[in-house]
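Undergrad: These are the residues of each chain, in order.
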Amino acid sequence: VGRPALVRMGKEVTGMMRFRRFATSGTYFEDGRETVLASAPFIAWIPVSVVVPLLQHEGVEAKLAVTVGQTVKEGSVIGSTCPSGVAVHAPIPGVVKDVRQISLADGRVCTGVQIDLGGDFSFFQKHDSTDQVRELPANKLLDTIRAAGIPGDIRYPDLADALESARRHSVPAIIIDVVEAGPHNMVDHALVAYEPKAVSRGLEIVRRLLGAERVAAVVASDYEKQANAFLSDVASHTSGFQVVLASPRYPNSDAARLVQLATRKQIRANEDPIENGCIILRPEQLFQVYEAVDLNHPCIETWLTVSGPVVEHPQVVRARIGTPIWQILEDIGGIRDVPKAIVIGDPMRGYSTLNVELPVTKETRSLVLLDKVEQGPVPEIACIHCGDCVKICPVGLEPERLYKLLSQNAGGKARTFGLTDCTGCGLCSWTCPSQIPLAQIFRRRNRQSRAVPNAGDVS
Amino acid sequence: MKQISTAPFIHSGRRSSDFPLWQLYCLIPALAWGVYRYGWYALVIIGLSLLTAILTELVFSKGLLKRKPDIPSVLLVGVLIAMCMPPQVPWYMVIGAALAGVLLGSVLLGGTSAAWINPAGFGLLFAVLCWPGFFSQSHGSYLGSWFDLVTKHGGPSMGPGDMAPIFAVSARPDLTGKIAMGIANVTGLNVPENIIASFLGFGNGPLGLSSPVLLLAGSVLPFARRLGDWRPSLSAFSVFAVFAWLFGGFAWGRGIGNGDVLFHLFNGPFLIVVLFMIQDYGSLPVTRSGRWVYGALTGFVLWVVSQFGTIEMGMVLGLVFVNVFSPLIDSGLRRRQRVVAQREAS
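Sequence lines, in order, name chains A and B.
Here the first sequence stands for residues 45 to 503, numbered as in my numbering.
Here the second sequence stands for residues 375 to 720, numbered as in my numbering.
In short, the hints are calculated from the structure, not lab data.
Values in this document were obtained by computation on a predicted structure and should not be read as measured data.
Worth double-checking, as some hints may not be accurate.
Selected chain A positions facing chain B (in silico; Cβ < 8 Å) [as the list claims (entries may be wrong)]: (1) G394; (2) V417; (3) E442.
Here are the simulated DSSO-like cross-link-like pairs (lysine-lysine), alpha carbons at most 27 Å apart as the crow flies [as the list claims (entries may be wrong)]: (4) A:K448 with B:K442; (5) A:K416 with B:K436; (6) A:K448 with B:K436; (7) A:K448 with B:K552; (8) A:K241 with A:K269.
Covered, in the sense of this in silico footprint (three residues per stretch, anywhere, with C-beta under 8 Å from a C-beta of chain A), are these stretches of chain B [as the list claims (entries may be wrong)]: (9) 384-393; (10) 495-504; (11) 582-593.
No residue lacks a Cβ here, since even glycine has one placed at the ideal position from N, Cα and C.
All chains should be built: construct the whole structure from the sequences, respecting the hints.
TA: This is how it looks when you write it as structure tokens:
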């Protein structure tokens, strides 16, 4: 596995330690972030009806806790927490109209709860101040965060599980990820710019919970100015706070890359950062922790970027979970043209759909409406050995070599060349001039090998 | 029609055909200069080479092997073969070289993308082997080195270049004189006028390589558009320059560190190999480090050819020789990387 070069460009002390570190692999995407972030996040209209999936993350779906015809309050539990599952709450008050199987954008099928609006709001416009501070003991804090149903990541579907694991491992460092997770994914940037105090307060809560000694924020270097209010606020109550200014290259937001940028420690892409002494948190998670602890407000809203060439007014939107895509598009001023694909998630790793009835979930961080799909499902011509995929791979793999091995059904050998280290960032497919769907093949093979180890090997 | 695909949904916009096409565009000025200098027969050579290359690809690749023909790449092969030919080459030798280059150097090795040898270089090698009589004579377009051109102006003869060239230097003396004076004023160097004339394109050279300045100018665009990899070119250029500087003076009795670097570097055959033919992805190693090593090896081999080579088309054949080591370089470096990765993992 290769090692992206890091260059330390100097430091400056202004209440916090500032470093400049640049990873050389990866690439920069022009996604119109200046336009999107110029305006404050838009709060979408309350929908008259929502369909809330009980599976909104990796892991298993929550246990259904309501019946058809039942009246629910805003924020009451409709899917209770279970191992590898996250609690789901009613995003709007009303009556449970239907419980049925629904398809998600990624093809998974789960239980969906339809709620029709009715009754009083418990949270809406009632706790809009950051002055309210609740100091809870550590175990109570963890229970509160778990009850709020805040999603974690692929290893820990529930953020509370990640925090619990971090406490168990006495993790000494917290890394805040203020690097764009992918093109058209600007939620974390918007939160840091427009809700700096809330995010900072969330960080304070988590730091107290974990007893972490160090906090480092990895910030995209082109976003330093907008993040300044947040960084200063954190620096005011956090000793030894480090800011790492990283090049705004995709995929700097990957766990291994963030750990390397923040701590200069090299971990493998499939390793757990918590077991390596640090926990990575996104501003959105910190904001949700703040809402859960200080405002006693469960996770019933999601922040997402709505952008793409056919969107009239691209911006960051705060919407109730379960709101259909069409309503969000209508709320922000509509679209210019019929999109060729609506990508849920970013265009490098997301899923495409043309079904505008699909609801947004806790994990929906962007909706990108494309006027063309540039990447075909089959290669245009054979590999020309240009080496562009090798140059761009952020983990230092040789995608053309892996592709050749997998074409020869030599999956075992491909694994020794680091196939399982592939993070699925999609850059190899993006850059391939022969349009070979490299990342798609690697993702599929990695999924297969997780399900059936040694599948497809010729020995 | 709706297309089902998975992420990524966006693409960098680069296409495989961009590489050969841009190289072709950039070779046009040098090629046009060759036609201007050598007349209508140059056009016949270019036409025959292109036609043979395209027909071979269509008949064998598309017709027999049912593969998608790679026309931009074979166009480039045809142009490169024509450019490297002496201007008075018989027509059947051009056809033979283009046919062998595309068929044996590309189609039978799995296509232009899979061939581990430079197809144009292989075609020229085939011509040298089939008609050694013709290619062992000098035609005033010796594809050896600048060194041989310099030998004609007083130095000791090292190869077959002692035969008189059929095309004499025909630059306007007032122009070259002014340039020589300008260089002398700015740098203090006395550059002979015939050297300047040859650099500008008034000297001897194969059909498309008589103007180093046009080749040099043409190579800028693909690099600027990031269509080629500058690593092997820079590596070959540097190693060649270092060797030329260190040992180039021996032949003149000047000792170590007194070689005429610029004179060795800026000649058509060297430039076409180092700036264009070395960029053939099929024969380049894939890894970055592999490309540096490959370039360095090419630079060294080209210097050896330029110093001691006695055969026609020495530079191109030097590159074909290095092609043989390309898979070895790649697998050697990859093996090393794997060992390091396994050591780190354990």
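Undergrad: Each of the hints needs a verdict: does it hold here or not?
TA: Hints, verified against the model:
1. G394: 5 Å, holds
2. V417: 5 Å, holds
3. E442: 7 Å, holds
4. A:K448 with B:K442: 19 Å, holds
5. A:K416 with B:K436: It is violated: about 30 Å lies between the C-alpha atoms, which goes past 27 Å.
6. A:K448 with B:K436: Within the cut-off at roughly 23 Å; holds.
7. A:K448 with B:K552: 57 Å, violated
8. A:K241 with A:K269: 16 Å, holds
9. 384-393: It holds: at least three residues are needed, and the segment 384-393 of chain B offers 9 whose Cβ sits within less than 8 Å of chain A.
10. 495-504: Check failed, 0 qualifying residues.
11. 582-593: With 0 residues close enough to chain A, the hint is violated.
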